[in-house]
Amino acid sequence: MVKITFIDAAGQSRIVEAEEGSTVMEAAIRNDVSGIEAECGGACACATCHVYVDDSWLEKLPKAESMEEDMLDFAYDVRPASRLSCQIRVTAEIDGLVLHTPEQQG
Amino acid sequence: MTEIIKTDALIVGAGPVGLFAVFELGLLDIKAHVLDILPKIGGQCSELYPEKPIYDIPGFPTITGQGLVDNLMKQIEPFSPTFHFNEQVEQLESIGTPAAPLFRVRTNGELTFEARVVIIAAGGGSFQPKKPPVPGIEAYENISVFYAVRKMESFRGKRVLIVGGGDSALDWSLNLAPIAERVILMHRRDEFRAAPHSVNAMRELVAAGKMDLTLGQMTGLKGEGGQLSAVTVKANDGSIYDIDCNRMMPFFGLTMKLGPIADWGLNLHENLVPVDTEKFETNVPGVFAIGDINTYPGKLKLILSGFHEAALAAQKANRYIFPDKKVVFQYTTSSSSLQKKLGVG
Chain A
1 MVKITFIDAA GQSRIVEAEE GSTVMEAAIR NDVSGIEAEC GGACACATCH VYVDDSWLEK
61 LPKAESMEED MLDFAYDVRP ASRLSCQIRV TAEIDGLVLH TPEQQG
Chain B
1 MTEIIKTDAL IVGAGPVGLF AVFELGLLDI KAHVLDILPK IGGQCSELYP EKPIYDIPGF
61 PTITGQGLVD NLMKQIEPFS PTFHFNEQVE QLESIGTPAA PLFRVRTNGE LTFEARVVII
121 AAGGGSFQPK KPPVPGIEAY ENISVFYAVR KMESFRGKRV LIVGGGDSAL DWSLNLAPIA
181 ERVILMHRRD EFRAAPHSVN AMRELVAAGK MDLTLGQMTG LKGEGGQLSA VTVKANDGSI
241 YDIDCNRMMP FFGLTMKLGP IADWGLNLHE NLVPVDTEKF ETNVPGVFAI GDINTYPGKL
301 KLILSGFHEA ALAAQKANRY IFPDKKVVFQ YTTSSSSLQK KLGVG
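These protein sequence lines are chains A and B, in that order. Position 83 of the first sequence, counting from 1, maps to 83 under my numbering, and the rest follow consecutively. Position 26 of the second sequence, counting from 1, maps to 26 under my numbering, and the rest follow consecutively.
Looking at chain B on its own, in the form it has when it is part of the complex (with noise of 0.2 Å):
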């Protein structure tokens, strides 16, 4: 049996949103942790577009998805709040009362929380591989087909087909070559967006022949019982031919899916999670959902709109946590007592 962690609110993804969320919380003296399925802050803006200019952030003309981020993070550091990463909500039980709730939340890296309020700010749902659609490549994962490596060791002495031209497929390419049997990479095109180094390295070993590239297309799996054999590979110039292997690992990047959320009691409409207006909570008393995950009449999927959310959810947690603390609306730019807690005064 695992400690289960116990904390005021717990906050479902480490996106801007969720991010803001511990800020708001934490001015109420609401002490947050943070998971996220990603090993790393930031959500879809440090994913997606870290380099890209968001414009219409208030009082930011011009920022971009890492800067926004990091400029959260500075903005919590005095609430401390607590991470977890490479973590995904598999289940939340609630075992309280509409008016005093509490809810039991086990994770996938078998983590247990009680908190008293969850607050879902998981953006487009979690972020998980991109799977190459290729007809009946389920049957091969996890026997033969694998999305991230978990063991170095059991590609040893292994034929491995590593398919795709950013960081992941080119560092998993030098890291495993000299443990496999052969390292094939292939590539829709003789360019790669991985870091320059990582590719020279990549064409040096291929000069030497220590391991191959080859230029095309996955269409088709071979073998049995999940065991590969063999991938079917379109070349550019349109013809067909197998590579012959025993491994392969995909890395088209990330997509977004809902995930467990969908198991968790909660009302969803077109995965999205309905919340009503005044405090962003879901039909189950103290889970509130913020951000893109949610929907209301009106909404806007912007991230000003998230962090609105965010405040006005704080306000209905503050009561559900200190039921009997008077409640006092208070400015940062006055208040010495919020600027205590900020660390300001």
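Same shape as in the complex, but just chain A (with noise of 0.2 Å):
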């Protein structure tokens, strides 16, 4: 299992436990994480599984597709790290990823 840590608005954290090969939207909504809706099930169709990578984790994601990116401009308050958690997939090489959820999705 890969260890995810979710930091909420509020300055909250929890870590969940996320399968390999599943998502880390997935993960989150396993796993009841506040801030998290993903409307849409997963389809990169809403834009409200939104999170923000923290900065130490900047450069070792892979970067958004240019689907994402679309998706991203209906999200709310976007800044450069941010991210659907549904395009991010659970690998090994993501074990301890830090994210912050944003105060409100869309």
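Wrong hints could be hidden among the right ones.
[Stated by the list, open to error] Residues from chain B that face chain A, not an exhaustive set, calculated with beta carbons under 8 Å: (1) L48; (2) Y49; (3) P50; (4) Y55; (5) I137; (6) R156; (7) R188; (8) A201; (9) R203; (10) Q217; (11) G253; (12) K257.
Source of the hints: derived by calculation from the structure; they are not laboratory data. Only a predicted model underlies this, so the values are computations on that prediction, with no experimental measurement involved. Cβ coordinates follow ideal geometry from the N, Cα and C atoms, glycine included.
Assemble the dimeric complex from its two separately framed chains, guided by the hints.
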């Protein structure tokens, strides 16, 4: 299992275990991480699983593809570290990933 | 007083499950009207993922959202349903009895139906424009902030800020540039999802000094009594500034809201409509709920489950609409009467 830390807008942090091959969004939903809605169920069609990647991980994650960038247009308070968690694949390489959830989803 | 449209079945929602309900009802000689809040058929399949492949439709190893909708339209063609677009059901009133249900249904577009059965196939609810989460925006809506253009004339001579990077934002920038005092298009990045020819046309207007393009995100609104005077913007370098404008149109796509279904006297559970798993009927006899909108123990939000639910709901609808008809279960492969209805016999 891969460990992912979610820190909410109030600074509360939670570590969840994610299965390799799933997506970060799926791990968040399975563990009831607050601040992730994922209305569309992972089709990259809603921008309600928006997260900010912690500075310490920015260089290590693969960049968003153009479909994800397009969908991020619909998210609220988009920053350079913004990603859609349904488009981040869980692999051994991201063990220990730190993500911040936004104040609100779109 | 508008004319009342009388129908056997009224289907609320023209997504894949609503469309397949037309088929199942049609085999039983039940005529249907179908309405949808969107201007087109297909629901989420057409609106959210027309080009994305679906892998779990039985018999189709892969099919796109739009491909599935196109096939369903072909499949239901023999039953020639009547579609009503841009319509949202506002009111559902029972005027029958539990044994012989009848419903009067009114829409926001002032249509009135009288239907023997109502089949709710509304998916995640109705698609509505996504509001930018800017505090206090409600006070400006329909006065100086608009999510759609009803009359272009009302933008004549105005300073219009259009926010977004898709086709709606670009199309309205191009359409309003000649009549507005000034059109300012704002997007969070210098790449656009809109059709390339519209993007090129926009860039030409900007180069010619006929409109403005600015990059950033809206953070606040300024104005009084619903009348906007400026929009506060955070630029990508973090700086904050105001854009003077007296009209603003945000185009942030669509979101799904349950909408007026909550006021129809149906039991609800977490914004879903509980049904039984024999007939997929709600607590109101004659009102069925099928597809993503319903809930029952073990519910899976799959299109294929919705198809099954449509078939069983149609069987019960048949008993309401033709109480004296002998119920004979038939297969389309072997029944000559079904094949005749399908136009293949």
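Going through the hints against the structure:
The interface hint given for B:L48 holds, since its Cβ lies 4 Å from the closest Cβ of chain A, which is under the 8 Å cut-off. The criterion of a C-beta within 8 Å of any C-beta in chain A is met by B:Y49, whose closest approach is roughly 5 Å, and the hint holds. Checking B:P50 against chain A: minimum C-beta separation of about 10 Å lies over 8 Å; hint violated. The criterion of a C-beta within 8 Å of any C-beta in chain A is not met by B:Y55, whose closest approach is roughly 12 Å, and the hint is violated.
Because the smallest distance between the Cβ of B:I137 and any Cβ of chain A comes to about 12 Å, over 8 Å, the interface hint for this residue is violated. A least Cβ separation of about 29 Å between B:R156 and chain A goes past the 8 Å threshold, and the interface hint is therefore violated. For the restraint placing B:R188 at the interface with chain A, the shortest Cβ-Cβ distance is roughly 6 Å, inside the 8 Å limit, so the hint holds. Taken as an interface hint, B:A201 does not check out: its beta carbon lies about 20 Å from the nearest beta carbon of chain A, beyond 8 Å.
Look at B:R203: its Cβ only gets to about 18 Å from chain A, farther than 8 Å, so that hint breaks. Hint on B:Q217 holds. Least Cβ distance to chain A is approximately 7 Å, under the 8 Å limit. This hint holds: B:G253 has a C-beta 5 Å from the nearest C-beta of chain A, less than the 8 Å allowed. For B:K257, the suggested interface contact is broken, since its CB lies about 11 Å from the closest CB of chain A, more than 8 Å.
In summary, the structure is inconsistent with hints 3, 4, 5, 6, 8, 9 and 12 from the numbered list given earlier, while agreeing with the others.
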